[in-house]
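> Sequence:
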Amino acid sequence: MAKPAADPAASSSSSSSRSSRLRSLHALFDPIPLFTLAALLRLLLLLYGAWQDAHSALKYTDIDYLVFTDAARSVSLGSSPYARATYRYTPLLAWLLLPTAATTTIHPLLFHSGKLLFALADLAAGWLALRLLRGDGGSPPPLPPSPSRNNRMTASQRAGAFAALWLWNPMVATMSTRGSAEALLGVLTMALLWAVARKRVVLAGVVLGLAVHLKIYPFIYAPAVVWWMDEQRMATGGGGKARKNPTKTLLEAAMGFVTPARIRFTVASLTTFMLLNVLMYSM
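Numbering (the working numbering), first residue to last: 34 to 316.
In case anyone wonders, no lab produced these hints; they're calculated from the structure. Treat the hints with caution; some may be incorrect.
Simulated restraints, written as ranges between beta carbons of each label pair [claimed, not checked]:
1) Lys232 x Trp201: 43 to 53 angstroms
2) Tyr115 x Ile139: 17 to 27 angstroms
3) Ile139 x Thr292: 45 to 55 angstroms
4) Ala188 x His140: 44 to 54 angstroms
5) Lys232 x Tyr314: 30 to 40 angstroms
Just so it is clear, CB atoms sit at the ideal spot from N, CA and C, and this is done for glycine as well.
Can you make the complete structure from the sequences, with help from the hints?
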C-alpha cells in the first residue's frame with residue numbers, strides 16, 4: 034500500500050509553532066526578562082530565608098553574617114567592630130551594614146538589609162558580565178533574518194544566555210541571600226575586568242586596590258591584568274598582537290615591559306590599598 038502523502042500545511046504549521054516557541058524561549062535572555070527573573074529568584078530566597086530563620090532550628094542565615102551584623106552593632110554604639118571576637122574583616126564592611134543595627138529602633142526586617150545589599154551586588158556583577166559579553170554594553174545588531182537562522186538567538190540574546198549562568202544560578206543566589214560578603218568581591222572582580230576592557234587603567238587600579246583591601250585573594254588577578262596591558266592593546270584602536278623582535282636583548286625586553294599603562298595601574302592599585310589600610314587603622 035502506498036503511504037499517504039504528508040500534508041504540507043500541517044508540516045508548515047508545526048514548523049511555525051516550533052519556531053514561535055523557540056523565539057519565546059530566546060526572548061527570556063533579553064535584558065528585562067533576564068534581570069527580572071534573577072531579581073525574583075533572590076527576592077524569593079530572601080523571603081524563604083526569613084521564614085526558615087523564624088521557624089526552623091537549622092538557620093538559613095550564614096554564621097558569618099551574624100558576625101558582620103554584630104560588628105555593625107558595635108560600630109553603631111561607638112565601639113570598634115573588632116569588639117566582636119571573631120570579626121577579622123575591614124571596618125568598611127561593618128559600616129556598609131550599619132542599617133542592620135537599627136532592628137530595635139526602626140524595624141526588625143532591617144536585619145536582612147545586608148543580604149539585600151549582597152543580592153544587589155550579585156545582580157550588578159551579572160550586569161557587568163553582560164556588558165562585557167555584549168561588547169561593553171553596546172547592543173549588537175541581530176543576525177540577519179534568513180530561512181536557516183529563523184530559530185537562532187541574536188548576538189545580544191547569546192550574551193544574555195551566558196550571563197544567565199551567573200544570574201540564574203541558584204548557588205550564587207543562595208550565597209548572597211544567606212549573607213555571604215563574597216558577592217562584593219564578585220562585583221569588584223567584574224568591575225576590574227570591565228575597566229581593563231575599557232582601558233580605564235587608573236579606575237582598574239583603584240578597583241583592584243579596594244578588592245584586595247576587602248579580602249587578600251583578588252591580588253591573584255594582578256599578574257594577568259599587567260601582562261595583558263602591552264603597548265599594542267593599550268594604544269588607541271590597537272588590538273593586535275605584539276610583533277616580536279628577535280634581536281632584542283633580555284634587558285631591552287624587560288625595559289619594554291615597563292609601560293606607562295602598567296605603571297599607572299600599579300601605582301593606582303598600591304596607593305588605594307595602602308591609603309585604605311592607613312585610614313582604617315587610624316580610625
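> Could you run down the list of hints and mark each one as holding or not?
Status of the hints after comparison with the structure:
1. With their beta carbons about 31 angstroms apart, Lys232 and Trp201 fall outside the hinted range of 43 to 53 angstroms.
2. Taken as a hint, the range 17 to 27 angstroms holds for the pair Tyr115 and Ile139, whose Cβ atoms sit roughly 25 angstroms apart.
3. Remark: the range hint 45 to 55 angstroms for Ile139 to Thr292 is upheld by a beta-carbon distance near 52 angstroms.
4. Between Ala188 and His140 the C-beta distance comes to about 45 angstroms, which sits within the given range of 44 to 54 angstroms.
5. A C-beta distance of roughly 33 angstroms is found between Lys232 and Tyr314, which places it inside the suggested range of 30 to 40 angstroms.
Figure legend: structure checked against the earlier numbered hints; the only hint not met is number 1.
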